[in-house]
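Build the full structure now, drawing on both the sequences and the hints.
Chains L and V are the protein sequences, given in the same order.
Numbering of the first sequence is given in the working numbering, commencing with residue 5 and proceeding in unit increments.
Numbering of the second sequence is given in the working numbering, commencing with residue 5 and proceeding in unit increments.
Keep in mind that the hints are not guaranteed to be accurate.
If several chains are the same, the list does not tell them apart, and a pair holds so long as it fits within one copy or across any two.
Simulated crosslink set (DSBU-like; lysine-lysine; CA at most 30 angstroms straight-line) [what the hints assert, rightly or not]: (1) 28 x 146; (2) 26 x 117; (3) 289 x 146; (4) 32 x 49; (5) 291 x 49; (6) 289 x 49; (7) 32 x 117; (8) 291 x 257; (9) 28 x 49; (10) 146 x 26; (11) 289 x 257; (12) 49 x 257; (13) 146 x 49.
Treat the hints as calculated values from the structure; they're not laboratory data.
Here's the letter readout for the chains.
Number of protein chains: 2
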Amino acid sequence: MIDHLVVIGAGLIGGSFALALKRKGLVKHVTGVGRGRANLELALKLGVIDSIGASVGEAVRSADVVLAAIPVGAMPALFRELVDTLPAGAIVTDAGSTKQDVIAAARAALGSKIGQFVPGHPIAGAETNGAGAAHAHLFEGKPVILTPLAENRPEDVDRVESLWSACIARVARMSEADHDRVFAAVSHLPHLAAFALMEELAERPDHDIYFSFAGSGFRDFTRIAGSHPEMWRDIALANRVALLGELDTYIDKLETIRGLIEASDGMGLEALFARARQARLNWIKGKVS
Amino acid sequence: MIDHLVVIGAGLIGGSFALALKRKGLVKHVTGVGRGRANLELALKLGVIDSIGASVGEAVRSADVVLAAIPVGAMPALFRELVDTLPAGAIVTDAGSTKQDVIAAARAALGSKIGQFVPGHPIAGAETNGAGAAHAHLFEGKPVILTPLAENRPEDVDRVESLWSACIARVARMSEADHDRVFAAVSHLPHLAAFALMEELAERPDHDIYFSFAGSGFRDFTRIAGSHPEMWRDIALANRVALLGELDTYIDKLETIRGLIEASDGMGLEALFARARQARLNWIKGKVS
Numbered sequence: 005m006i007d008h009l010v011v012i013g014a015g016l017i018g019g020s021f022a023l024a025l026k027r028k029g030l031v032k033h034v035t036g037v038g039r040g041r042a043n044l045e046l047a048l049k050l051g052v053i054d055s056i057g058a059s060v061g062e063a064v065r066s067a068d069v070v071l072a073a074i075p076v077g078a079m080p081a082l083f084r085e086l087v088d089t090l091p092a093g094a095i096v097t098d099a100g101s102t103k104q105d106v107i108a109a110a111r112a113a114l115g116s117k118i119g120q121f122v123p124g125h126p127i128a129g130a131e132t133n134g135a136g137a138a139h140a141h142l143f144e145g146k147p148v149i150l151t152p153l154a155e156n157r158p159e160d161v162d163r164v165e166s167l168w169s170a171c172i173a174r175v176a177r178m179s180e181a182d183h184d185r186v187f188a189a190v191s192h193l194p195h196l197a198a199f200a201l202m203e204e205l206a207e208r209p210d211h212d213i214y215f216s217f218a219g220s221g222f223r224d225f226t227r228i229a230g231s232h233p234e235m236w237r238d239i240a241l242a243n244r245v246a247l248l249g250e251l252d253t254y255i256d257k258l259e260t261i262r263g264l265i266e267a268s269d270g271m272g273l274e275a276l277f278a279r280a281r282q283a284r285l286n287w288i289k290g291k292v293s
Numbered sequence: 005m006i007d008h009l010v011v012i013g014a015g016l017i018g019g020s021f022a023l024a025l026k027r028k029g030l031v032k033h034v035t036g037v038g039r040g041r042a043n044l045e046l047a048l049k050l051g052v053i054d055s056i057g058a059s060v061g062e063a064v065r066s067a068d069v070v071l072a073a074i075p076v077g078a079m080p081a082l083f084r085e086l087v088d089t090l091p092a093g094a095i096v097t098d099a100g101s102t103k104q105d106v107i108a109a110a111r112a113a114l115g116s117k118i119g120q121f122v123p124g125h126p127i128a129g130a131e132t133n134g135a136g137a138a139h140a141h142l143f144e145g146k147p148v149i150l151t152p153l154a155e156n157r158p159e160d161v162d163r164v165e166s167l168w169s170a171c172i173a174r175v176a177r178m179s180e181a182d183h184d185r186v187f188a189a190v191s192h193l194p195h196l197a198a199f200a201l202m203e204e205l206a207e208r209p210d211h212d213i214y215f216s217f218a219g220s221g222f223r224d225f226t227r228i229a230g231s232h233p234e235m236w237r238d239i240a241l242a243n244r245v246a247l248l249g250e251l252d253t254y255i256d257k258l259e260t261i262r263g264l265i266e267a268s269d270g271m272g273l274e275a276l277f278a279r280a281r282q283a284r285l286n287w288i289k290g291k292v293s
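See the structure below:
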């Protein structure tokens, strides 16, 4: 049971976390803090939060658990705002899509309180956002990665894990470096690739003809290009090193395919496509079973 | 009313076309021809076709309408097989995903019968294939492009259009060059981009860790990597020129994004992502309304 949960950013992720824990009766009072007054008032009206905090520093003063569910670029300032009033024994966790940079920001700001920060990342993206999109079932069956620090007390990590487990999420632990490497490849790069295609076509003077014949394949491929620009700007910059590596590898692969087409190498193309198709069939099968 | 429809390739597309027309009572007899005996027998058993043709040449002898629904790489041989026995007055149309190369193959093989070929392309892809996947509603609300030839009789083009309209498809006409340019961008390139990512990750020794944390964004982005390797090999080669151009443009766009990340240009990244997002919102809105 949490007496006082403080959610920084009462949007899709923060709001859904609060709702899931409320539904299980695991939290007594939720305070929301954030930049957008209208969103906080909506969150209050919808029962996502129980009160609006005047400031981060004020809100965390009596917190047991703090969830930072804001774009990763806003994390450094947040840690600086909460360090002075964060009580001993309170746990801070986050929902940032990158981990090495968030941890670096936490280390820089939290000083001797660094052990109270348990880094996390729920994988439950959606193109919707704001408190109005939050719902208690968002994390059910979804992965949540924790990247614990050497300074964390094991019981604090277990407590954060148990909260996500209460949201029916599948919790895994890994190093922050592994996290950032894996998500650069399976999440950050595909977002860039979808943004790139959408923006490329949109900038053409005759974009109407392209969009009017785009079908379901295009729709699914570009779904993540509907994601939040500020959030993805932050992710791209925060996971810069791993993402540049993935971009280079991906461009190389596209150049390989380009070379096969230019050389009219039908066997090479078919083999590459067949490897891709088989991998996807295996993946989907593994997910379903 | 068609007395005798011959479907070359009684798979998802050919089979669904036959079923849709049967459902409307617009066809008396459907003959299926194809490479896969098992698929043809399944099509017969499911009532997708009414008989199996011994050969293309035999089947088209009494045809009113012939639909070629096979990979575009197989079209040249098909046209050579049907030219001698194709009766005057019969119409041949196709479902090929590229048009300039199919038309070139038709011109090379059909000689004075070229006017009987009305090129077409239904946009109703799916990762499923074979007669078992065919259903009468596949084309409802989906675009079908016709790229008529100067040699076509207007009434023949109208007749093909009316058949697709009977499938509740939205029929449009454009030049074959416009068709290939547009589909290189909105269909062929995204397929290559999805195949590329899937194959790249699959080839890594530690691919398991990547796939185990891939989420819904990855799932949708890579859905079209489940498409048929042979079909897409043919498309990539058939639409070579337009596709190489699109690949170059896309790689340039990825390099632009790479440059923005490397330069830590947050404003530039956010602006590009915002343009992409807005374009997608507009597109989805336009599709829905």
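Against the structure, the hints come out as follows:
For a Cα distance limit of 30 angstroms, the shortest separation of residue 28 from residue 146 inside one copy, 17 angstroms, qualifies, whereas the shortest one across copies, 45 angstroms, does not. For the homomeric pair residue 26 and residue 117, the shortest alpha-carbon distance inside one copy (28 angstroms) is at most 30 angstroms, but the shortest distance between copies (73 angstroms) is not. Within a single copy, residue 289 and residue 146 get their C-alpha atoms as close as 17 angstroms, and across copies as close as 29 angstroms, so both meet the 30 angstroms cut-off. For the homomeric pair residue 32 and residue 49, the shortest alpha-carbon distance inside one copy (17 angstroms) is at most 30 angstroms, but the shortest distance between copies (63 angstroms) is not.
Taking identical chains as interchangeable, the C-alpha atoms of residue 291 and residue 49 are never at most 30 angstroms apart, the minima being 37 angstroms within one chain and 33 angstroms between chains. In this homomeric assembly, residue 289 and residue 49 come within 30 angstroms of each other (Cα to Cα) only across copies, at 29 angstroms, whereas the closest approach inside a single copy is 42 angstroms. In this homomeric assembly, residue 32 and residue 117 come within 30 angstroms of each other (Cα to Cα) only inside a single copy, at 25 angstroms, whereas the closest approach across copies is 80 angstroms. Taking the shortest Cα distances, residue 291 and residue 257 sit within 30 angstroms of each other inside one copy (26 angstroms), while across copies they are farther apart (32 angstroms).
In the homo-oligomer, the alpha carbons of residue 28 and residue 49 lie at most 30 angstroms apart inside one protomer (20 angstroms), although the nearest pairing across protomers, at 53 angstroms, exceeds that limit. In this homomeric assembly, residue 146 and residue 26 come within 30 angstroms of each other (Cα to Cα) only inside a single copy, at 19 angstroms, whereas the closest approach across copies is 44 angstroms. In the homo-oligomer, the alpha carbons of residue 289 and residue 257 lie at most 30 angstroms apart inside one protomer (25 angstroms), although the nearest pairing across protomers, at 33 angstroms, exceeds that limit. Taking the shortest alpha-carbon separations for residue 49 and residue 257, neither the intra-copy value of 50 angstroms nor the inter-copy value of 43 angstroms comes in at or below 30 angstroms.
In this assembly of identical chains, residue 146 and residue 49 lie within 30 angstroms of each other by CA distance solely inside one copy; the values are 27 angstroms within and 42 angstroms between copies.
Hint compliance for this structure: hints 5 and 12 are broken, all remaining hints hold.
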